[in-house]
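*Asks:* Residues per chain are reported as follows:
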Amino acid sequence: MSSPQPQMPQAAPSWEAAPGAAHPASGAAHPAPGSPYPGYTSPIPVVRTHLGHAIASEWTKIRSVRSTMWTLGVFVLLVVGIGLLTGVVVSSSSSDLAGENALSLGFFGLLLGSMCIITLGVLTTASEYGTGMIRTTMVACPSRGRVLAAKAIVFFLVAFVVTLVSSSVVAFLHVAMLADNGAKDPTGGEWLKGTVGIALYIALLGLLSLVVGSIIRHSAGAITIMIGTVLAPLVIALFMFSESLEAVRDALFEYSIPNQLSVFYANSLSQSGPSGWDPLWIILGVTAVAFGGAFALLEKRDV
Amino acid sequence: MIELEGLTKRYGEKVAVNNLSFTVRPGIVTGFLGPNGAGKSTTMRMILGLDHPTAGSVRIDGKHYHQLKEPLTYIGALLEAKAWHGGRTAYNHLLCLAQSNGIARSRVREVLETVGLTAVARKKTKGFSMGMGQRLGIAAALLGDPRILMFDEPVNGLDPEGIHWIRTLMKSLAAQGRTVFVSSHLMSEMALTAEHLVVIGQGRLLADTSMADFIARNSRSYVRVRSPQRERMLDVLHQAGIVAVESGDGVLEVDGGKAELVGELAARHGLTLHELSPQQASLEEAFMQLTAESVEYHAHSETSPPPPQQQWGDGWKRG
Ligand SMILES: Nc1ncnc2c1ncn2[C@@H]1O[C@H](COP(=O)(O)OP(=O)(O)O)[C@@H](O)[C@H]1O
Ligand SMILES: [Mg+2]
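Residue numbers (the numbering used here), protein chains in the order written: chain X, -8 to 294; chain P, 36 to 354.
In case anyone wonders, no lab produced these hints; they're calculated from the structure. Take the hints with a grain of salt, since some may be wrong.
In silico negatives: residues of chain P with every beta carbon more than 12 Å from chain X [what the hints assert, rightly or not]:
no., residue
1, N191
2, G192
3, H220
4, V280
5, E281
6, K293
7, A294
8, L300
9, A302
10, R303
11, G305
12, S317
13, E320
14, A327
Lysine-lysine pairs mimicking DSSO-like chemistry, simulated, CA-CA at most 30 Å apart [what the hints assert, rightly or not]:
no., chain 1, residue 1, chain 2, residue 2
15, P, K49, X, K291
16, P, K117, X, K291
17, P, K206, X, K291
18, P, K98, X, K291
19, P, K98, P, K158
20, P, K117, P, K98
21, P, K104, P, K49
Keep in mind that this is a model prediction, so the values were computed, not measured. We put the beta carbon where it would ideally sit given N, CA and C, even for glycine.
Whole structure, please, built from the sequences with the hints as guidance.
*Replies:* Written out as structure tokens, the structure is:
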């Protein structure tokens, strides 16, 4: 499998000093900045790199591993599959949805599907630490912030587009299937929240996972933390029986991620707490703070 | 050119690299020699900006690594451990690297050809043998046609043919005027490839010298002498002021390259010689002795003076 070395050895360049001669003592003053250093000059034109190069690189990375196809494939399957199933069940039963929003049935599929987006988000950063790829990445792009930004942009766009397409497909199906059950036609605002809004929220949840992956540097650990973040508040709230803890319980419940998701379908399980587009601003704030932390840690730590 | 100034790295209590200062020049292969755990990989990671130095600094053609805008065209590195995702194909691994530095796709095929991985370019790298992995790492290092190349223990896991290939590659890269910096824990490997030698032990600089100088200074040469008239031989040598030591089996060892002198003395006194052979102690031995002393020096630095080896680099630099 080896091939002969094609690069032609050239005669030693004339400036090459005899070994041992003219070697600057260690610690000697450097030549003035900008002074030419001798050595090989490549015929390949030198390109000034920028964020665009890092984005192209991250796009190649994300599309060339199987875990991306798996997580996104399962995501689409869950969202569309569960969406179809609930649609069929509800429309074939004689239940009357008088005045209800048909889009809200998309909730269950998206809640489960969000686990896939969380997994992909974490893997985008953390898996590079597991494989050692991160060293190659950082040698190729010493600007660590640029690497994190490129990963975030590429992942966010992928997650947003895939969520938008699948949630829109499910939304159209539900509206068509449930028209006979008395569900009202969603307004323009409801359409926007049930498709673009929810897609932005899920993509941001994935982005938060990506950032947590960068901080934790361990795939399984970061995925566990994120799934815990999604489910734990709800579970803890369920076990808070005491009257004195009622306020805490309600807050945990209202701000739990599943409840925030349901706000996009205007059927929040409680009357107070976040409403309208609030969940989007909340997760945006949390992700921004986490991003700042991840960036600072990335600069400070060894790779 | 790579310039290290007082480079130090501490991991908690452990000092992995201790106040290293030296320069790696273009046009030659510089060997970076030290036993396992000496701090070679840590030094290389600091050169690449992966680990932050605790103290000191390192510059590449006058710049810090993070100041390089197109790093792969400046410096290519083969890292110690496997540093890629096993689920990605060799081609895609190199492609994402090329893209991050704005290097043309055609260059990916070129380097795959250079290292002989074209046939497996579309295969996932997790199925690669250790030797193929080294070749992939070298392909990544060559991708930007860089001025500086750094290889951390490149012959690890290679078969003899692969080892020969990489020696030739490193020499030809240096002959093109590039800076080539290669680490190893094997003196014998360095002796075959490197023209200049930097030796470290316990993170400290032990020698910074040309290979020729190192060999001249460190390979003790002596003459083996065997004679049936051993006692008279010893007397004759003693009278001539030549120090000889007995090394068992009736063999005498005479320090220095004095074979002619011993032969002439024996003839003049009518002594029979069964053996008169110039010998050289191996470089590996010299290297082990050098690094062993560094350990000792490390342990008793309060009480004992530094061994003379500490001055080798300096003496050479003055000359
Ligand atoms: N990330 C790290 N954390 C703690 N200790 C480390 C780390 N990296 C290296 N070391 C220690 O530093 C010393 C030098 O290691 P290394 O640079 O790998 O040596 P070499 O490459 O010469 O074999 C070793 O004792 C090693 O255990
Ligand atoms: Mg090492």
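*Asks:* Next, verify each hint and record whether it holds.
*Replies:* Hint by hint, here is what the structure shows:
no.	hint	result
1	N191	holds, 15 Å
2	G192	holds, 14 Å
3	H220	holds, 20 Å
4	V280	holds, 33 Å
5	E281	holds, 38 Å
6	K293	holds, 27 Å
7	A294	holds, 28 Å
8	L300	holds, 36 Å
9	A302	holds, 39 Å
10	R303	holds, 40 Å
11	G305	holds, 46 Å
12	S317	holds, 22 Å
13	E320	holds, 23 Å
14	A327	holds, 24 Å
15	P:K49 <-> X:K291	holds, 19 Å
16	P:K117 <-> X:K291	holds, 24 Å
17	P:K206 <-> X:K291	violated, 37 Å
18	P:K98 <-> X:K291	holds, 20 Å
19	P:K98 <-> P:K158	violated, 37 Å
20	P:K117 <-> P:K98	holds, 27 Å
21	P:K104 <-> P:K49	violated, 33 Å
In this structure, the hints that do not hold are numbers 17, 19, 21, in rising order.
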